[in-house]
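Take the sequences, apply the hints, and build the full model.
Quick note, the sequences are listed as chains A and B, same order. Take the first sequence: its position 115, counting from 1, is numbered 114 in numbering that gives the first Met the number 0, and each next residue is one higher. Take the second sequence: its position 31, counting from 1, is numbered 30 in numbering that gives the first Met the number 0, and each next residue is one higher.
Keep in mind that the hints were calculated from the coordinates and are not lab data.
Per the computed footprint, the stretches of chain A lying under chain B, defined by three or more beta-carbons under 8 Å from a beta-carbon of chain B, are: (1) 6 to 14; (2) 61 to 68.
Straight-line C-alpha distance at most 30 Å; calculated DSSO-like pairs for lysine-lysine: (3) Lys138/B to Lys56/A; (4) Lys162/B to Lys9/A; (5) Lys339/B to Lys12/A; (6) Lys9/A to Lys246/B; (7) Lys146/B to Lys2/A; (8) Lys146/B to Lys9/A; (9) Lys12/A to Lys34/B; (10) Lys146/B to Lys12/A; (11) Lys56/A to Lys12/A; (12) Lys108/B to Lys29/A; (13) Lys86/B to Lys56/A; (14) Lys92/B to Lys29/A; (15) Lys591/B to Lys391/B; (16) Lys161/B to Lys9/A; (17) Lys12/A to Lys108/B; (18) Lys336/B to Lys60/A; (19) Lys86/B to Lys60/A; (20) Lys98/A to Lys86/B; (21) Lys10/A to Lys336/B; (22) Lys56/A to Lys34/B; (23) Lys246/B to Lys34/B; (24) Lys138/B to Lys12/A; (25) Lys12/A to Lys263/B; (26) Lys29/A to Lys86/B; (27) Lys70/B to Lys391/B.
Think of the CB as a built atom: it goes at the ideal place given N, C-alpha and C, for glycine as much as any other residue.
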Amino acid sequence: MAKLSLEGLKKIKESVEATVTLREGGYRAKVNIHMGTCGIASGARTIMTAVLDEISKRNIKDVIITTSGCAGLCSREPMITVELLGTAPVKYVDLTAEKMREIFEEHVLKGNILEKYALAIGSETTF
Amino acid sequence: MATRIFRSHMLICAGTACVSCGAMKVRERLEQELKDRGLSEEVRVVITGCNGFCAEGPIMVVYPEGIFYGKLKPEDMPLLVEEHILKGRPVPKLFYVEPVKKEVIPRMKDIPFFGPQVLRVLRNRGLIDPENIDESIAKDGYLALHKVLTQMTPEQIIAEVKKSGLRGRGGAGFPTGEKWEEARKYDHFPKYVICNGDEGDPGAFMDRSILEADPHAVLEGMAICAKAIDSNEGYLYVRAEYPLAIKRLNLAIEQARNYGLFGKDIFGTGFDFDAWVYPGAGAYVCGESTALMFSLEGKRGMPRVKPPRSAEAGLWGQPTVLNNVETFANVPQIILKGAKWFNSLGTEKSKGTKVFSLAGAVNNIGLVEVPMGISLRSIVYDIGEGIKGGKKFKAAQLGGPSGGFVPEHLLDTPVDYESLEATGTIMGSGGIVICDEATCMVDSARFFTNFCVEESCGKCVPCRVGMNVMVNMLNRITHGQGTMEDIERLELLGQHIKETSHCGLGKTAPNPVLSTIRYFRNEYEAHIQDNRCPALVCVDLIQFRVDAEKCKMCGLCKKACPTDAITWEKKTPADINIEKCIRCRSCIQACKFNAIE
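Quick look at the structure:
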């Protein structure tokens with residue numbers, strides 16, 4: 000392999016940094032995917048795949064994904080909770096992969112709550 | 000370049016301690032479980048260096064939540080994956096339980112063991128994969144090397160290290176910058192950089208853990224030193240008992256070479272540096288710098304007369320800088336963050352942090368990094384969370400066979416080179432062994448003295464003969480045949496050995512005896528005058544007997560006794576025949592009512 004320059008060093012740093020910041024708890028937004036039996040049965044996994052795909056496609060470093068169990072509203076699954084650091088968490092319901100991508104773009108990245116998919120704002124905090 | 004994103008990272012500690020508790024089997028099962036559930040693509044399993052909390056091994060930390068799981072077994076993995084990873088519910092039954100208040104603590108950052116620690120040298124411990132150079136680079140690895148090669152003159156490097164106040168972490172505390180400055184002065188080439196990883200103190204494992212957790216920090220420190228003194232060659236002398244450290248170092252060197260961070264023309268600046276690992280054959284004296292160099296040259300490891308110092312004529316008679324693993328690991332951050340950042344922590348003469356391996360009778364044994372100046376009490380009680388089994392603290396042994404015992408009333412001594420020396424011990428390389436009330440001080444002193452007798456290279460008379468005489472006296476005392484004059488003789492002889500020995504081994508070898516006489520003279524006197532071992536350790540001086548009031552006449556002790564020394568019949572208390580008793584303690588362990596003393 001060719002000799003590494005400072006640029007090379009920085010490139011490696013940038014590409015791996017995201018993985019390491021995850022371990023230091025430095026993040027701006029959290030997407031919590033509800034993955035109880037009901038969630039999984041109604042397709043939470045496709046939601047998870049969509050979020051992971053968006054994050055890696057856009058090379059996002061400050062968003063983390065967590066999973067949690069059933070939120071108690073099984074009829075409205077798949078469900079997620081989006082929480083930007085310092086703001087109230089928002090629950091989105093009846094999701095599909097497409098809706099998930101839209102929410103990611105608008106809410107997670109731009110900070111605009113998508114009311115048309117939202118169930119509630121300011122429910123329990125999960126941080 | 001976009002790397003694959005994983006939603007969760009599971010960091011398994013693969014330091015020697017955790018590996019020997021079965022961390023690799025846990026990992027195997029975990030990976031299988033993730034694969035079976037189709038989660039391998041979104042969850043990453045990372046193997047890290049020592050996490051530090053060895054008592055809880057095998058350890059895994061799961062991010063992003065930062066949940067700490069300890070004492071894992073392969074059988075726990077299906078539950079852990081199903082609950083935590085699939086359903087997002089951390090598994091309480093695998094959480095850490097705090098030993099004093101029995102509190103369950105899920106998150107690593109909330110565990111008291113980690114609280115008072117300041118991680119500088121160990122900043123990457125349990126956080127990066129030591130076998131992957133990219134992760135080290137993500138944490139600013141080799142950035143300091145780039146800085147010194149492109150923006151600093153050797154004089155500036157040395158000035159910065161001097162200003163930082165960094166002192167040798169191997170034990171003696173020689174100022175690192177001064178050592179480098181002296182080596183730079185001489186004009187015969189080639190010059191050498193040596194990393195001393197011959198960690199021989201019983202109970203010490205700091206250097207091993209650093210090498211296992213963050214090998215690149217040490218390598219980078221060596222390269223920076225090389226630039227400062229105009230050297231192009233380095234050696235890492237690591238004891239052969241550390242196979243994992245050696246493996247990771249070799250891997251790290253190879254990866255650095257592949258990236259051109261080691262080898263010729265580093266960063267295109269025309270500077271060449273390469274390093275090799277040399278496994279030491281395991282002689283304690285080879286931790287002494289001149290003996291180490293002889294050993295590297297293929298000769299018998301024996302210290303030589305100084306001067307000339309190694310900086311002038313070291314390896315193969317050439318100017319050489321020899322520093323300890325931890326010293327080198329400190330260097331890159333001093334360069335990157337500055338001397339001021341470094342010396343913002345610590346006391347007047349001891350700056351920065353110190354890594355200790357905490358072992359013995361404390362609740363939390365493990366690897367800890369604390370600011371210089373913290374009290375021993377804080378290490379024992381805040382980080383170590385007190386003595387196991389509610390017993391009483393007796394002494395802290397620092398510095399291994401070269402160090403001494405610090406008693407209870409001196410526990411508030413701040414950890415720095417000078418304060419510790421004043422108590423009769425040394426900072427040493429950082430091994431702390433905690434002794435509880437069941438430890439006999441005379442016996443412990445005998446253990447360390449015996450260690451030095453075995454490890455003495457035999458070159459000079461005081462150490463070779465003197466230590467033997469000391470151990471014979473100690474043996475007599477522990478067998479109940481000592482005289483009061485022995486104590487004075489031990490003190491006198493110890494002083495002579497300290498003053499007249501040739502190298503550091505002999506100069507410090509009497510410390511364990513001298514410090515125990517100083518602080519625990521009463522125990523020596525009890526052995527000699529009363530024929531009694533207060534801690535019930537020295538077998539010739541103890542007699543077991545049955546407390547008839549506590550005895551429930553169950554007969555378990557009789558079954559346990561291998562020499563048939565116990566007489567017992569139904570409905571009568573047991574009795575011990577002293578003639579037959581070999582003091583093996585089997586009966587004490589068998590008794591459920593503490594009736595045997």
